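Chains as they are written, first to last, in full-length UniProt numbering: chain D, 1 to 318; chain U, 1 to 318.
No wet-lab data here; the hints were simulated from the structure.
In this text, all values refer to a predicted model and were calculated from it rather than measured experimentally.
Careful, some of the hints might be misleading.
In this list, chains with the same sequence are indistinguishable; a pair is considered to hold if it fits within one copy or across any two.
The calculated SDA-like cross-link candidates involving lysine to any residue, where the alpha carbons are at most 20 Å apart (straight line), are [said to hold, decoys possible]: (1) Lys284 x Ile217; (2) Lys284 x Asn221; (3) Lys284 x Tyr252; (4) Lys225 x Thr292; (5) Lys235 x Asp28; (6) Lys79 x Val246.
Number of protein chains: 2
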Amino acid sequence: MSISRYAVIGTGALGGFYGAKLQKAGLDVHFLLNSDYEHVIQHGLVVESKDGDFTLPQVNGYNDVASMPYCDVILVALKTTQNHLLSQMLPQVIKNDGVVLVLQNGLGIEEEIAQIVGNDRVMGGLCFLCSNKVGAGHIHHLDYGEIILGEYAANYHPVGTTDRMRQIANDFESAGIPVKLSEDLLLGRWQKLVWNIPYNGLSVILNATTTELMANIHSRNLVEKLMYEVIAGAKSSGRIISDRFVQQMLDYTDNMKPYRTSMKIDYDEHRPLEVEAIFGNPLKKALTAGVTLPLISCLYHQLKFLDARNREFHNISH
Amino acid sequence: MSISRYAVIGTGALGGFYGAKLQKAGLDVHFLLNSDYEHVIQHGLVVESKDGDFTLPQVNGYNDVASMPYCDVILVALKTTQNHLLSQMLPQVIKNDGVVLVLQNGLGIEEEIAQIVGNDRVMGGLCFLCSNKVGAGHIHHLDYGEIILGEYAANYHPVGTTDRMRQIANDFESAGIPVKLSEDLLLGRWQKLVWNIPYNGLSVILNATTTELMANIHSRNLVEKLMYEVIAGAKSSGRIISDRFVQQMLDYTDNMKPYRTSMKIDYDEHRPLEVEAIFGNPLKKALTAGVTLPLISCLYHQLKFLDARNREFHNISH
Chain D
1 MSISRYAVIG
11 TGALGGFYGA
21 KLQKAGLDVH
31 FLLNSDYEHV
41 IQHGLVVESK
51 DGDFTLPQVN
61 GYNDVASMPY
71 CDVILVALKT
81 TQNHLLSQML
91 PQVIKNDGVV
101 LVLQNGLGIE
111 EEIAQIVGND
121 RVMGGLCFLC
131 SNKVGAGHIH
141 HLDYGEIILG
151 EYAANYHPVG
161 TTDRMRQIAN
171 DFESAGIPVK
181 LSEDLLLGRW
191 QKLVWNIPYN
201 GLSVILNATT
211 TELMANIHSR
221 NLVEKLMYEV
231 IAGAKSSGRI
241 ISDRFVQQML
251 DYTDNMKPYR
261 TSMKIDYDEH
271 RPLEVEAIFG
281 NPLKKALTAG
291 VTLPLISCLY
301 HQLKFLDARN
311 REFHNISH
Chain U
1 MSISRYAVIG
11 TGALGGFYGA
21 KLQKAGLDVH
31 FLLNSDYEHV
41 IQHGLVVESK
51 DGDFTLPQVN
61 GYNDVASMPY
71 CDVILVALKT
81 TQNHLLSQML
91 PQVIKNDGVV
101 LVLQNGLGIE
111 EEIAQIVGND
121 RVMGGLCFLC
131 SNKVGAGHIH
141 HLDYGEIILG
151 EYAANYHPVG
161 TTDRMRQIAN
171 DFESAGIPVK
181 LSEDLLLGRW
191 QKLVWNIPYN
201 GLSVILNATT
211 TELMANIHSR
221 NLVEKLMYEV
231 IAGAKSSGRI
241 ISDRFVQQML
251 DYTDNMKPYR
261 TSMKIDYDEH
271 RPLEVEAIFG
281 NPLKKALTAG
291 VTLPLISCLY
301 HQLKFLDARN
311 REFHNISH
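With the rest of the complex left out, here is chain D (with noise of 0.2 Å):
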């Protein structure tokens, strides 16, 4: 098979982290950039890595979506907020025989993104990583950077394995990046969730570290009592999380350093917060099969009104 063209949708802390490192490790790499790209283009992406730093001088920039070549695979590493975007990128930059692959947290993503390219063009990815965007393609990468990979097809059925997973997942390996095959992207996404609605929601809500929610006995309490209701969440999918996976998540993030989740660096930023996709989305889903998951709406319920009046501030104060 030749070399894959990959096309990076938003070249941010993620897309810009995980893009130049294919770069690097020689795959042809296209990025979209927004406010970044004049700047891109004279100076290229610099990586601040603890694998290494390293820049890269120049790179396939552009700032629509329309002057990009087809490419095999498309990153999408837009904030989900932005996702509305979609429908008019994607069959501009896919190939017939491509693939998108969603790089984005929370639930049923793949399934909006089916609608515009078909259920056997998409794949999503569930990345730990730790990084932020610290200037214009600039990129700083604290910590982890795994990403599981799982097949997406119609309504979530799990499908196994693929050779164009096994691919994809070579072109990262061989740029540094580990990567797992999941058989079952839905489950992976839920499981995902377990950590990421009491951290995200609960930082966000009482202005706090991991650290800080777990030192509280309240506040565990609540992560705990969070994490069960994810759990009711993927049953309602048909998914099987156990409650030992709870205390693995517990024990995983006692042992982090004090932590400021995403969705917090986010909402400090005055960013737009990803509260559908990882709160509302799961919300529908598990409504649908006729389970409520009332602490996880009263969250979903704070962290509108707070995005809401974040932003709204924010208009002002600029």
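Fit chain U to the given chain D structure using the hints.
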């Protein structure tokens, strides 16, 4: 009947206001003071009120309950967070045929006090009062003032109206304080929680006025859901509150000026929050009847976290 002798346990925004009004009307009132003791002994009490300002240059003030005379009516006007003091205090100040009138917020306090003074010596009063203490012995009465009086009996069994209720109501009304008599104290307590639980809780958690909470569709929706949970809690105590009451409370709040709740004021002043009385006790009471109230439980845990951190921070910074 001779003039009743009143004790005010806790001469703050509420106890100071009602006690001063009673003394001004000619009743024999004895005030327990704490930090304001020296000031009030020398300068008395000052009440600025929308119904007319007045000063009481001399009041019967005490800094120790042991020095107080036995009284007919003991107004309990401490914050509930101080109620652990009452088992020592009340026996030293209540006449054999006296009664403790609980003017505090929340649920189940009368039951706790009945453990100290007996089931037949407790009453509850629901205060609809907007006042602040603005300085030592200096109270600012902003609005409202009505009290709904109800007799307590074992297990909150409703016992209708009694002579002593009517006597106390007469005293208060002679002092210009409107009083209504309730035949079912527990019903009244749950009704008051329909307002107090959503607005006190969310005002602290979301740092918002009542007006802000009503203006956003998500917080408004959460307020409404919380009100229905309080109704479910009331039902678990055998008290029926109609759904219409929710709409009345929403309309009532829509028509209020932007209001900072009492719990928000406590929070902003780094004072302990009455989380147990207003949230913890209703949760426990419902749970005893086998009913869970998940949204209220979510707020409970969040408030316990915020309360602990709020006071910790206060202790460090002062």
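Q | Structure versus earlier hints, numbers of those that do not hold, lowest first | A | 3, 5, 6
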